[in-house]
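Whenever a hint applies, use it, and build me the whole structure from the sequences.
4 protein chains.
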Amino acid sequence: MKEEAKKTDETTPLPERSDAEILELVKQGKLPPYMLEKTLGDMERAVRIRRLLLESNLARDGFNMQPLPFEQFDYSSVFGRCCENVIGYVPIPVGVAGPMLLNGENVHLPMATTEGCLVASTHRGCKAISVSGGATAVVTTNGMTRGPCVRMKSAKEAAQLKAWLEEPENFAQVKSDFDSTSRFARLRDIKVAIAGRNAYIRFRSSTGDAMGMNMLSKGTEKALAFIQQAFPDMLIVSLSGNYCTDKKPSSMNWIEGRGKSVVCEAIIKGDVVESVLKTTVRAMVELNTQKNLIGSAMAGSIGGFNAHAANIVTAIFIATGQDPAQNVESSNCLTIMEPTDDGNDLYISCTMPSIEVGTVGGGTHLPAQSACLDLLHVKGASEENPGRNAEKLAEVVCAGVLAGELSLMAALAAGHLTRSHMQLNRAK
Amino acid sequence: MKEEAKKTDETTPLPERSDAEILELVKQGKLPPYMLEKTLGDMERAVRIRRLLLESNLARDGFNMQPLPFEQFDYSSVFGRCCENVIGYVPIPVGVAGPMLLNGENVHLPMATTEGCLVASTHRGCKAISVSGGATAVVTTNGMTRGPCVRMKSAKEAAQLKAWLEEPENFAQVKSDFDSTSRFARLRDIKVAIAGRNAYIRFRSSTGDAMGMNMLSKGTEKALAFIQQAFPDMLIVSLSGNYCTDKKPSSMNWIEGRGKSVVCEAIIKGDVVESVLKTTVRAMVELNTQKNLIGSAMAGSIGGFNAHAANIVTAIFIATGQDPAQNVESSNCLTIMEPTDDGNDLYISCTMPSIEVGTVGGGTHLPAQSACLDLLHVKGASEENPGRNAEKLAEVVCAGVLAGELSLMAALAAGHLTRSHMQLNRAK
Amino acid sequence: MKEEAKKTDETTPLPERSDAEILELVKQGKLPPYMLEKTLGDMERAVRIRRLLLESNLARDGFNMQPLPFEQFDYSSVFGRCCENVIGYVPIPVGVAGPMLLNGENVHLPMATTEGCLVASTHRGCKAISVSGGATAVVTTNGMTRGPCVRMKSAKEAAQLKAWLEEPENFAQVKSDFDSTSRFARLRDIKVAIAGRNAYIRFRSSTGDAMGMNMLSKGTEKALAFIQQAFPDMLIVSLSGNYCTDKKPSSMNWIEGRGKSVVCEAIIKGDVVESVLKTTVRAMVELNTQKNLIGSAMAGSIGGFNAHAANIVTAIFIATGQDPAQNVESSNCLTIMEPTDDGNDLYISCTMPSIEVGTVGGGTHLPAQSACLDLLHVKGASEENPGRNAEKLAEVVCAGVLAGELSLMAALAAGHLTRSHMQLNRAK
Amino acid sequence: MKEEAKKTDETTPLPERSDAEILELVKQGKLPPYMLEKTLGDMERAVRIRRLLLESNLARDGFNMQPLPFEQFDYSSVFGRCCENVIGYVPIPVGVAGPMLLNGENVHLPMATTEGCLVASTHRGCKAISVSGGATAVVTTNGMTRGPCVRMKSAKEAAQLKAWLEEPENFAQVKSDFDSTSRFARLRDIKVAIAGRNAYIRFRSSTGDAMGMNMLSKGTEKALAFIQQAFPDMLIVSLSGNYCTDKKPSSMNWIEGRGKSVVCEAIIKGDVVESVLKTTVRAMVELNTQKNLIGSAMAGSIGGFNAHAANIVTAIFIATGQDPAQNVESSNCLTIMEPTDDGNDLYISCTMPSIEVGTVGGGTHLPAQSACLDLLHVKGASEENPGRNAEKLAEVVCAGVLAGELSLMAALAAGHLTRSHMQLNRAK
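Protein chains in written order, with this note's numbering: chain S, 1463 to 1890; chain Y, 1463 to 1890; chain V, 1463 to 1890; chain B, 1463 to 1890.
Simulated from the structure, these hints should not be mistaken for laboratory data. We put the CB at the ideal spot given by N, CA and C, even for glycine. Keep in mind that a hint or two might mislead.
Claimed, not checked - Okay, the calculated bits of chain V under chain S, using three or more residues with CB under 8 Å as the criterion: (1) 1598-1612; (2) 1619-1632; (3) 1646-1658; (4) 1720-1732.
Next up, the structure:
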């Protein structure tokens, strides 16, 4: 970053001035930091100057931004789309678990994480599944939602609005407007709740291979405009009334689903439980009941009936360019374990009603994230079967969770509980 | 990656053989993939070969791992600590929001995200706060938890165990054992719930500047061993009985807190609400009630009384090496808005009972993440005041959320609702 | 109860023997206590002997059943329908609150309670409503539910079952069978959730003027039999899988509704707030936010966003022969208060999604309870408009709750809070 | 009620005038209805005239109050204590279930209900328990709560208040004031939650044999007055901030307990399961998992992990003069079933953290209700061991629930599920 000898003057175009001069302009408030990219026409340089600015602002002994990498990064995929005021990037290491046999295919799970053992543990779960014959995953419901809040003059009128929306012919018209906003949006149903004179209207729509929040917002806005023609007194309080519910714990998503509702199951052979997972079928089943069912019930959980679904969800989400803030609801999961085949084998299922994923949009187009989607063979939009890539990704997430549950539960059972059950078995 | 001309043989030490040869060994099952780092003594090379293996396994037309970067990365900070079976890394762009005036200091928030507008929006919130005089944040409770499940012969005995643990002298002994496991662990209290003959015991301890899960596990294990001497019939079902509760939605964390419980508040001047946030105090207050209080109540939320806390939590977590899977409970937040000063200004507070953060451990030592902590002046352990860095980070997270709430709520209010309130105001 | 002088012998018909002799037979196990009514053909006598038996069994000094009344009671309406092993009855005092102007009619609320002040307080609320112009209540959804649990061989098959039930033609057939079981049952929709290989199927049906649980059970049983023909492998685990959800707290009822979903609203004039309720509009609104919205949110409540809905629900339920155990969900309520008319008046609404009531069946036919229904003009089935009586009763319950909320909230606000707001008002 | 021939005049004392004359005065607004008792000095007559008034007000063809009984009732125990504007009473039939062997004693359960089969079903459960050797119940925590909401100038000050209350010496002073308000109140702990600048303070105290709400209110009021001396800026928003939480669903009571926390357990012999309950151990255990654990989890329940606890709670509550509105939280229950003794017998437990009962106060002094308490040998205050009667009543409620769970679950299992398990057993 060596400085030019020759000083520039006021007439010199900004891109041709030195970093120090640009920095000075920013400090003097003559150039807003967020304009650096546009003004300089060189994104990496903009980032570099922003870092200088930060170092200068902080002016703390020994502080420098150097360990935060910023070079050799494709800022064009980020600028104006994914991040603002960029100062570099954090690299999250990606490990791979598997292959796992899922729906008859071998799947390698890319996991971006800094939690030690997570990849290795999931890998062990994949192995237990695969050698037992594989897992099966199914999407049982599919639809992204938006739940605006509108307000009427009275509760009575709010009730009329609800009744109106529930009339098939009105729904058809609302749907027609909603669907017109996107090639992929297909309004599936509307759920209306009244709270005093407020109405909370939850629109649910399929969204092709996109996670779909933007698509829903667009469609909902159009639909609300249409509804307002019939109810001119209706005040739109907010396009999101927290009735969606996005990135917040809620019974709504647990009960109604959001994004993809997926269930995945596998039968783990008894000898695999012992050789790979180092425990017994009985210990696993007992632990699942005491921890994932009763323990979570005691803790007052809605949707958290699992050991660590969020770990796997988050790792795959970060690797594949999903929105990791959505793991709040995407990691809702009920894990069931049962003895099967006369107690010799272990039946396990993971039920996840609200996995919010897409293979287009968000961070999915970034090169590294895109490569991870490619690894799963779900990169971009599915051409032959629109929406299928996103569904498949949701199935992979659920299957990954199942592998993670198997392995962590086995590790937890492997101590005292397994010894105790071993003694029981031996006693017989 | 140029290949040696001369072929090696069986006696050639593995590190000296070609990539192709190593790959072959792995494929033949003679070298397990997870041994590559140790065997080759060259971590980047191990990663490179693992990628070759993956490409070879997938053998799909057009697939290659190339867009997933892997070079120029400090694998020594990752290997054996943060990730296994590494195949590269995903770079997450980091933007900076602020500065925000928080507790009298200027704070720049590093946010790793691929969600467009998130940084810019938070930045706007920071500005509204700063020009209004700044925000104040306080940690009100501090303690990480572990909630094992143990099992007695009968509910009656489980009740005796509970009574025993609640005796001060017994607690003192348990604490002594617990505290002996770490320089920083200080057991604060124990909460016991009975469910039939199970007991769920929630240990809560301060953990210095570490997030503290490992510290808790270690202390809990020691404590349980001690308790077992008094109750030899006690079976330890699981070191975690989901009564902690880690990475799952739960009322427990909402009501009891976990990690740091933080509250942050600010008063936003009415003119700032209008000039910076482009809305009115009344519109903000009304929207907050209809969306964050009533809307979330209608959606059956426990702890999700906010607009998008998870967005900010996750972005700061990823930037600073926290565990993003913990945003499930770390983003629990109740946002309150009230008119103040006779309705002219806006009082806003965010109450977050379970922010789980540390400035040592986890991914905090990775260079980029460490730089982001340094940006916040909370890198590593606080020497003068152990634990203070982690507390400060929690305060920053909560303040960042407050900035994010301000800005998104203003954006949502800025349409119909603001127009409607403007009309109301004008009418007067 | 005078004893016969002449001793009876073995050939004497049982009804002709003395109480002492009958008691002896029961003690010897020759006559089961539950057979007393049938054997003696005199229900009051059966009760009397059962009391003697109890006194004899307890044989405790000073104990006698005398204070529990049992005479002059119409046992024929109870025997075989409402209660077994009867030993008398407890009289619950009934007070009357109102009249309240509701939907244009004057309504007197019968309340059976032993909680002092409850009737008087509700009465005050009724007065505040009536002098302000009355309350409006609307039923927004109507349908009782039953949620059996069935089990398939695999999650995949459970998903197929769900898809099958969601096909309109299959639903039509299920509905046809369901509806055939009662003149009033009309299946409205089916909601299916998968949990592993379990499916939970929530049937919702209108039920005329009956609360409808029995009607639902009958219809559901028939429907399941039909479904089983299509899915012979389906195991019916339980006619109720707690997915209904009956008499237990659940998000399900809060979000989906059960029985009648009702909303009631009123505008209380500012001067009435001050003269009748002894507080101010501002104090009421602030208290409602801090207590009913934020306080309940802090306590982790689903559906309990009110001050004391359960009090009024229970008192009217007992008076009118409803099932008071159903107040668990019937008292779900969100109370909203807002300033209106430029802050001069108080808008209040109560939203209650799961009021489970009927005017036929249960205890509604008992003379006293029937009189209380008659007081409300909703006795028995509505002939001109089947189902309307039960709906009207639900509206009355909701309106009664609104009156109760007004009054208790005013009492709570009337101390410190009102004084503080009075000072504020004066300061201006 | 024959009318006097001689007309009275204005000077005639009111008690000496005819019913018709008194009625006329009330209609003219000269005598408020609530004054009838005091004015006439004859409570039954007051009730009679109130009924005439109601009939006259309604003036509906065919309506009369006659079927609602009102004569031969001890109004002196009701007037000014239990009910206002009394017009009569509803008799609720009381059946008796049991005896059940509980903690070594035979207990007969009085149940006031109009739900057919409930008593008979509970009776069957009692029998299964008793012939298997009885049930054991233990109170694990005991304390009634009140959770006021107070408000500070800022969140920071609210945090200071919390810290102040958590200092042992301050707690001791608060406790001293609290305890001074009653002979039985003994403050056990204080739990403070911050929400913005609000603080919610949950006081927990033992309350002798009273349910204790009034005692708590009195103590809390005194304690708040004391706290206010240290924090003069503190505004008491409400003596109840819904953080108690009384008569509303909440995670708070489920997690923290309220009133008595009780656990009850029994082992039912395998042959008893088959002969008395007509099903198998395996069918019971499987049903409990699918319905009470997984089904309730799917329905998003906090604390409703049981089949029908509310039924038994409500019936015993009404019989014994408890507040049936409190069954909302008193019926919180987790039912666990496990095979024991190598799968031959059934272990069952019911865990109920918030049973709110008393043997003094409320409706417990009414003659009939008092007789039902006497039947349980818990009438009035325990002299030798204050508080023990209320605890024992809580144990009885929990044991009654256990009996009810056994019987209903057996009935549900007895159809398809039992047949299926029978086949399985036979197959072996």
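Coverage assertion for the region 1619-1632 of chain V with respect to chain S, Cβ distance below 8 Å, three residues required: holds (count 4)
Residues of the region 1598-1612 of chain V with Cβ under 8 Å from chain S, three needed, outcome: holds (count 3)
Proximity test - 8 Å, beta-carbon atoms, the region 1720-1732 of chain V to chain S, at least three hits: Our answer is that it holds, as 4 residues pass the Cβ test (under 8 Å) against chain S, meeting three.
Within 8 Å of chain S (C-beta), three or more residues of the region 1646-1658 of chain V: Satisfied; 4 residues make the cut.
The structure shown violates none of the earlier numbered hints.
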